[in-house]
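> My request is simple: use the sequences and hints to build the entire structure.
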Amino acid sequence: MSRLDGPVPFRGGGFAPRDRAWAAAATLIGVVALWQAGASAGVIPTLFLPAPVSIARALWALTVSGELWKHLSASLIRLAVGWTVGTLFGIGMGLAVGLWSVLRSPGMALVSALFPIPKIALVPLFIIWFGIGEGSKLATLAFGVFFPTVIATAGGVDNVPRGLIRMGQSFGLSHAAIVRKIVLPAALPAILSGFRVTSSIAIVLLVAAEMIGAERGIGAFVLSAGNLYDTDNLLAGIVVLSVLGLAVSWVIGRLERLFLAWRA
Amino acid sequence: MNTGLRLTVDGVGHHYGGMQALSGISLVAEPGEVMVLVGPSGCGKSTLLGIMGGMLAPTEGTVRCVGEIPPDCLNPLTYVFQDFSLLPWRTVAGNVALVLEDRLSRADCSARVAEVLALTGLTEFARAWPRQLSGGMRQRVGIARALAVRPACLLLDEPLSALDAQTRDLLLEEFAALITQAGTTTVYVTHNLAEAVRLGHQIVVLSRRPGQVREVLRVDRPLAGRGAADPDLVALEQCLWRMIRDDAAVAERERIDVAS
Ligand SMILES: Nc1ncnc2c1ncn2[C@@H]1O[C@H](COP(=O)(O)OP(=O)(O)OP(=O)(O)O)[C@@H](O)[C@H]1O
Ligand SMILES: [Mg+2]
Chain A
1 MSRLDGPVPF RGGGFAPRDR AWAAAATLIG VVALWQAGAS AGVIPTLFLP
51 APVSIARALW ALTVSGELWK HLSASLIRLA VGWTVGTLFG IGMGLAVGLW
101 SVLRSPGMAL VSALFPIPKI ALVPLFIIWF GIGEGSKLAT LAFGVFFPTV
151 IATAGGVDNV PRGLIRMGQS FGLSHAAIVR KIVLPAALPA ILSGFRVTSS
201 IAIVLLVAAE MIGAERGIGA FVLSAGNLYD TDNLLAGIVV LSVLGLAVSW
251 VIGRLERLFL AWRA
Chain B
265 MNTGLRLTVD GVGHHYGGMQ ALSGISLVAE PGEVMVLVGP SGCGKSTLLG
315 IMGGMLAPTE GTVRCVGEIP PDCLNPLTYV FQDFSLLPWR TVAGNVALVL
365 EDRLSRADCS ARVAEVLALT GLTEFARAWP RQLSGGMRQR VGIARALAVR
415 PACLLLDEPL SALDAQTRDL LLEEFAALIT QAGTTTVYVT HNLAEAVRLG
465 HQIVVLSRRP GQVREVLRVD RPLAGRGAAD PDLVALEQCL WRMIRDDAAV
515 AERERIDVAS
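Going line by line, the protein sequences match chains A and B. Residue numbering for the first sequence follows this note's numbering, starting at 1 and increasing by one per position. Residue numbering for the second sequence follows this note's numbering, starting at 265 and increasing by one per position.
Some hints could be false.
Label-pair ranges, simulated between beta-carbon atoms [stated by the list, open to error]:
{"no.": "1", "chain 1": "A", "residue 1": "110", "chain 2": "B", "residue 2": "318", "range": "34 to 40 Å"}
{"no.": "2", "chain 1": "A", "residue 1": "255", "chain 2": "B", "residue 2": "390", "range": "45 to 51 Å"}
{"no.": "3", "chain 1": "A", "residue 1": "255", "chain 2": "B", "residue 2": "428", "range": "21 to 27 Å"}
{"no.": "4", "chain 1": "A", "residue 1": "252", "chain 2": "B", "residue 2": "428", "range": "54 to 60 Å"}
{"no.": "5", "chain 1": "B", "residue 1": "328", "chain 2": "A", "residue 2": "258", "range": "47 to 53 Å"}
{"no.": "6", "chain 1": "B", "residue 1": "305", "chain 2": "A", "residue 2": "258", "range": "43 to 49 Å"}
{"no.": "7", "chain 1": "A", "residue 1": "84", "chain 2": "B", "residue 2": "395", "range": "57 to 63 Å"}
{"no.": "8", "chain 1": "B", "residue 1": "365", "chain 2": "A", "residue 2": "84", "range": "45 to 51 Å"}
{"no.": "9", "chain 1": "B", "residue 1": "272", "chain 2": "A", "residue 2": "88", "range": "24 to 30 Å"}
{"no.": "10", "chain 1": "B", "residue 1": "480", "chain 2": "A", "residue 2": "259", "range": "47 to 53 Å"}
{"no.": "11", "chain 1": "B", "residue 1": "279", "chain 2": "A", "residue 2": "101", "range": "44 to 50 Å"}
{"no.": "12", "chain 1": "A", "residue 1": "56", "chain 2": "B", "residue 2": "390", "range": "48 to 54 Å"}
{"no.": "13", "chain 1": "B", "residue 1": "279", "chain 2": "A", "residue 2": "159", "range": "27 to 33 Å"}
These aren't lab readings, by the way, just hints derived from the structure by calculation. Since we're looking at a predicted model, the values are computed, not measured. Beta carbons are placed, not taken as given, at the ideal position from N, Cα and C, and that holds for glycine.
Spelled out as structure tokens, the structure:
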């Protein structure tokens, strides 16, 4: 027999990971500091991996000369247009497939057949179709974004609680009003998490498309720096891409907080 | 001020696939009257309510509604759901405004929302999300949403059964008051016989599957004057219980048979 005597021990904590901003910052700063120390000490060959300080200097020079903005603006425009076009068509198609049984099987068959194609493989074809200019790049982005958006949207529509739709019908709402007031908002969490996927796909495809026949754009800049063994500028371009990725995911986080406040 | 509809159910039967759920139901709910449907589980109460509200097409018979629809009525036949069916992405006020916002001017809409929220004691919670409310408050939102369209007929499917006993008693009193005040024809499905005798002008007892009308009891006392301890009502409740008990026991056994 054992005896209990004393306060009841607390054990309800569970796993509750907390965000510690200082820990995140400290980790990044620590890695960069180590890297810099290694480069300064000569342990890291700087021709292959330049020191953080050289990368920062290269970035600064690019910013001052306007070179960075020239490439970045071209990339941002392609990203915005290509992603938006793919997303709008994708949401439309996803809704259509999710709502109308006539379109469901044909739509899903097409999507399943075309989705697994690596979109980069289509770039040469799109160049033949749309020319070497902006058309082929935008088409690659839009195409790559379209399919995951269809799948995310249709999945979201499938999971709309049937009871809520019946509720809408019982209040005499029109089909259009049910889509607008019930189906879309209920599918929005799925659509927004699709954005996380499609935005990173879009950045990958953007860089790939810019590496094939473009003069402007971060992808083109990185490629030409590589051809010149200019690793300072090459890594500066990569840093810009990483910051671009972070910025996009920050924007999506804001959107989620704005539109999904009701979930909390 | 009975503005309600007369709802006439004529020879209604329904089968799901090969399973006969209802047969030969004929009933009349008079304007402003509360009709309560009781019966053992699975006897077809929800099916009948769905048919009466136009949410389900009966396989036999017809349901007719007759009456003047006042111009401010936006949805003549209006449901209150057992699971509340609130839109979680809309605030309390947003849920109540669901139908109004498209059909009324902004000012009229917010005036009506404010009015029904006051009626249901939710004014302070107008900006709250549904997840922040207790079960009883959520159902009050469901009721506010239904009242906001000024229905000519209210259809309630076990609106209190997801709630705890105390909340249920409190809301039942509110229902009685609101229904009396609005004067709408009401069809109320419940398992709870105390609710049935508290609210019903007409209590329809359905038999076990296939559901048929077994008995229709009339209670002429006005809703306002009915107390929980009223001996006549207690006697009526016991009488109802005797009527349903055997059926309920069989229904329960059948359910166990199906499950095993
Ligand atoms: N959509 C459906 N498809 C097939 N059968 C159904 C469907 N809905 C109900 N049923 C069957 O019809 C019968 C009546 O169902 P209903 O839901 O109307 O009963 P109920 O009286 O409301 O029961 P409860 O008191 O448990 O809510 C039941 O046997 C049920 O299994
Ligand atoms: Mg039921």
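> Compare the structure with each hint and give your call.
Verification of the supplied hints:
1. 110/A - 318/B: 34 to 40 Å: 37 Å, holds
2. 255/A - 390/B: 45 to 51 Å: 26 Å, violated
3. 255/A - 428/B: 21 to 27 Å: Given range 21 to 27 Å: violated, Cβ gap about 38 Å.
4. 252/A - 428/B: 54 to 60 Å: Roughly 41 Å apart at Cβ, these two residues miss the hinted range, so it is violated.
5. 328/B - 258/A: 47 to 53 Å: 48 Å, holds
6. 305/B - 258/A: 43 to 49 Å: The hint (43 to 49 Å, Cβ to Cβ) holds, given that residue 305/B and residue 258/A are roughly 45 Å apart.
7. 84/A - 395/B: 57 to 63 Å: Violated, since residue 84/A and residue 395/B (Cβ atoms, about 32 Å apart) do not stay within the stated range.
8. 365/B - 84/A: 45 to 51 Å: 29 Å, violated
9. 272/B - 88/A: 24 to 30 Å: This hint is violated: roughly 50 Å between Cβ atoms.
10. 480/B - 259/A: 47 to 53 Å: At roughly 51 Å between Cβ atoms, residue 259/A and residue 480/B fall inside 47 to 53 Å, so the hint holds.
11. 279/B - 101/A: 44 to 50 Å: Given a distance of about 24 Å, which is not inside 44 to 50 Å, the answer is violated.
12. 56/A - 390/B: 48 to 54 Å: Holds: the Cβ-Cβ distance is about 53 Å, inside 48 to 54 Å.
13. 279/B - 159/A: 27 to 33 Å: 30 Å, holds
The structure does not agree with the numbered hints 2, 3, 4, 7, 8, 9, 11 stated previously, though it agrees with the rest.
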